[in-house]
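Using the sequences provided together with the hints, build the complete structure.
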Amino acid sequence: MATKSLIGTYNKKGQKIVDPDYLFYDAPRERQFMTGSEVVREAIKRANVDVSISYPITPQSEAAAMVGDLWVEGYVGEYFRGENEFAVMSECAGASFGGARVFTTTSGPGTLRAYENFPMWVGSRLPIMLNMMVRGVNSPLSIQPDTLEIGLIIDTGMLIWHAESAQDFFDYLLMGYMVAEEPDVHLPIAICIDGFFVSHTKDDVYIPSADFTLPPYDPYRNPMPVMDMEVPPVRMMRDPFVMKSNYISYATQASWQQETRAACERSRKHTIRLLGGLIEEENTDAEILIVSSGTAVAQGREAVRLLAAEGIKVGIVKIKTIRPFPYEEVRQATKNAKIIFVPEFNVVGWMAREIKASIPDNHRVVEGPHVAGGMTMPPEVIVEEIKKVLAKKKESIHE
Amino acid sequence: MSKEKIKINQEFYDIMPLEYRELVEEGTYGKENRGWKDVGESKELIEEHSLCAGCPESIAFRYVLACLPAPEDTIMVGSTGCTSLVFPHVAVHNIHSLFGNQNAVASGLKRALSFRFPDKIKDVVVLAGDGATVDIGLDMTLQSWFRQEKFTTICFDNELYANTGGQSSGLMQKGFVAKMAPAGKKFDKVPLPEIAKSSGCHYVVKMTVSKPNRVEKAIREAILVAREIGPTYIQLYTPCILEIGKQMMEGLQEMRDSEGPNKRFEFEEYVSDEARAYLDTVNPKKKKRKKAIVTK
Amino acid sequence: MRKRINLRMSGLGGQGVVTSAHVLATAASKEGKHAISNPFFGAEKRMAPAESYVRMADERIYDRGELVYPDVIMVFHPQVITMGKCYTMPFYSGIKPGGLLMINSDEPLPLEKADLEFLEEQNIPILYVAATTLAVEIAGTELATNMGMLGALMGATKIVGMDAMEAAIQDRFGKKYIASGGTATLDEAIKKKFAKKEQLLKKNMDTIRRVYDIGAEWAETLKTPMLV
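Protein chains in written order, with the numbering used here: chain A, 7 to 405; chain B, 8 to 303; chain C, 253 to 480.
Calculated from the structure, these hints are not laboratory results. For every residue, glycine included, the Cβ atom is placed at its ideal position computed from N, Cα and C.
BS3-like cross-link-like pairs, simulated, lysine-lysine; straight-line CA separation at most 25 Å: (1) K253(B) to K192(B); (2) K348(C) to K394(A); (3) K348(C) to K475(C); (4) K393(A) to K348(C); (5) K393(A) to K255(C); (6) K319(A) to K255(C); (7) K285(C) to K410(C); (8) K399(A) to K344(A); (9) K19(A) to K427(C); (10) K399(A) to K319(A); (11) K127(B) to K18(A); (12) K341(A) to K394(A); (13) K19(A) to K127(B); (14) K270(B) to K196(B).
Residues on chain C that point at chain A, a partial pick, calculated with CB under 8 Å: (15) T278; (16) S281; (17) I288; (18) D315; (19) R316; (20) G317; (21) V320.
Estimated spans, in silico, between C-beta atoms of each pair: (22) I254(A) to K186(B): 27 to 33 Å; (23) G14(A) to E450(C): 39 to 45 Å; (24) T171(B) to M230(A): 23 to 29 Å; (25) Q374(C) to P146(A): 33 to 39 Å; (26) T476(C) to Y121(A): 54 to 60 Å; (27) D458(C) to D27(A): 46 to 52 Å.
Here's what the structure looks like:
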C-alpha cells in the first residue's frame, strides 16, 4: 500500500494523487477500445511507477516499449533496456531494494531465464510487479500463447494473478500494487495474461482519467530495511547462515520460508476486498461446471452459451488468483457439481492438478480439454468434450 | 544518512549490543579524511570478518570500508562467495541476492537512488570475487560498463573459486592445476582490466593490497569518478592462502611477490581524460603540494 | 445480419492485414457494437503468412484467438491460395454456410474444381476485388490494399457504416500509434508518401469509398443476400 498522507496532492507529472479506492471504484470511467499492450500503458500511466526495466521478447515487447514512452513523457521515473531477463530481474531487484516501485514485463523463455530471481525477490520481500504475457517455452521454438510458464512459477512464493480480459488486466495491474505493497504482504506479484489472446487483442476497457494516479510507494512501510542508508545500517547477524551447519541456521532458513508463504496467505484479505473475491462464479448450482483461469474461462463462457442454446446447463468458475490459490472458495463453488471440466492452454494441466488437490471426490474433475503450443481453443472444442463425457456417462448408466 | 538517524533512544541504550553503541558513538560516518589509517584507531565499519585466519581478503575488506569517501551514503552490492560471509558484519547497507548478478543489482539500485534522492549523493559500490565478476557475471559486469552506470566495481581476485573449495576460474593463471582444471588451466588469465578500459570504464586499477595508501587512493578516486563521470573498476589481488598452500602469515609476502615488475599484479592504472580532469578539480591541495616538492 | 459475425483475414506480412482487422473492429466499436480483433503471426516478416481476426456481435464477446469457424474470409493476396500461405488448409477451412469469400485479385484464380463445388454447396459466393490495382490507381500506393479490401467488404455486407470507418481510420493514422517494428516502418513509409497526415487520411477514405461501390454493385447481383 502507499502513502495515504499524499492523497490530494500532485506528483511530479502533475497528476492528482487519489485514494486507490476512488481510482478503482468511484472515478468516472470511459470506454476505450484497445489492445492488452495499450492497457499496460494506460495502467502504468496511473500507477506512479519509479523504475521500469525492459527486454524484448514477443509478445510483451510492445508493452515494454510503451512504458519507455511513458518515461520520456515523465510518467515513469527511470527506464532502460537491460541485457537479458536474468539481468533485468536483478536490476529490478536492485531498484526495489533501493526503495522504488518497480514494473517489468516478460514472456515464456524470458520467464525461465529469469527464474532464479523470483524466489530471491520473495525472500527479500521485494514488491516488484512482473507482468507475464505468457507464451510457449522451447523446444520447439514457439512465440504463441501457452500457459505452461504459469505452472512453472507457481511455487516460487510470488503472488500470481491471472487476468481473463483487457479489463481485468487494467484493474489487476493497479490493484496488484496495492496488495503487494501492504506491509503484512510485501511480496512480488506476477500479473499474468495470455499472450496474443489478451496482449494483441483489441477489446473494450473502461478506464478512469489519467489526471489521477495511485499514491506513490512508501518504501518505509516494509518488513525489511530499505537499502538506501536512510535507516540504521544494522549488523545483520553474528554468523552468516551458511557459515555453520547447525540447527539454528536451518531453522532460520525454514522459518523465513514459512513467513514468506504466510505473507502470501495474508494477501487474501486485501485481494478479496479489491477484486471482490478470489473467484467469480456463475450458475454454480448446475451439475456441470467449467473451472479455469485466463482465456480458458473466456472460451468457457462461449461454450456455456452454445450449450445453453441446446438446453444443457453449465456453470462456470473463474479463478483469479493462482497464488494464493482459492482452495476453500473452489471447494464451496464446486460442491453441487457432478462433473468439473478444466480447460487449459498447456500440455500438463497444472490447473486441474490444483483443483483436484482442493476438492473432495476429485474423480469429478475432467482434465481438459487441453490445447498447447499456441493452438486456439474454439468454444466448439469445449462443447464437444463436454458432450463426449456426458454421452459416456449416459452409456455407463444404461449399462 | 545523518548520524541523527542511528542515535539510540536513551531508554533502550543499556540493552543495545556493545558493538552497536560503539558504532553510533565512534563510527566514522561523515568523518572527513577517512582512510586506512583509521583501521585499528577508530570504530571500524566491519565488526568481524568470518574468513580464514590470515586471509588477505579480510584486510582488503577493512581497507575498502575505511576508505569509502562517504559511508553514511554508500550502499554496497556483493555476490555469493567468501565476500558474502563478511557482508553481514558490515555497517553500511549491503545487498546479497544471487551469484553473479551484482552489477545488474547495482545498476537498478543506482538508478532508483538517483531518482529517489535527486539532491543527494548516494554511492553504490560493488564488491565481489573473481568468479562472480568474470565468469558467471561477466555479461552483467560488461553491460553495466557499456551503459555507463555510475558505480564502482571492485573485484577481489583470488584467482579461483575459494568458497567452494578451490576450483579453476577465468582469472586463474594459465597452467595452474586446480579442481576442474586437473590437467592445468588451458587458457590465459582473463585480461579484465584491459577489457574494462575498452568497455567504458573511466578509472581502472589493478594491484595487490600490500600497500594501504595506494589502496586508499584507488578506492577513493574510483568512487569519486563513478559518482560524477561513469563506471570504474578496481581489481585487487587477495590470494587464497588456503588453496595455494600458504601459511597464515604468508599472505602479505605472496602479494609482494606478485606485484614486482612484469609480475601479473604489477600496479597498473588507467584514468580517462574526463576522469583525470575531474580528479584534478577534487584533489587541488594534493596537486599543489606535489608541485611544491618537485620545485624544491 | 447474423447475431455474431466472425471474419478471418489471410494475407502476407506488410499488406496491412493486422491493421485492417484493428480498424474494422474499432469502427464496429464506434457504432456501439461489441467487437474483438486480434492478429496471429509467426515471426514478423514481409511476405510471410499473416492472419488476423475480427469478431462482432450485439452481445459481449469472450471468444478470442485464431478464428476456426469464420463467416467471412478475406484473402489479401493470391499467394495465400496459390502457394498455401495461409494458417489453415484449405484456405476456406471452417467457413460457415452462407458466408462470404473475398479475394484480392485482378481476375478469378484457377481454383480446384473440388473447392469450387464445396463453396457452391455451402452457398458461399466469391467476390474478387482488384484491391491492390485499385489502391495504386486511387491512392497511388499499394500500401492502401487493405483499405480497398475494407471498402469492398463494407459495400458488399454493410457491416459497418462509413462515418464509423472514417473515425476509426482517424484513430489509427491520425495520432501517435505504437506498433511493432515492421508495422511502424510501414507507417513511416506511407506517411512519407503523403506530405500531410490529412492527405493520407483522405486517400485512404477515397480508396474505401471507391471500392465500396464496387462491392455494393456486386452484392446486388447476388440471388440470395449474404450473412442472414
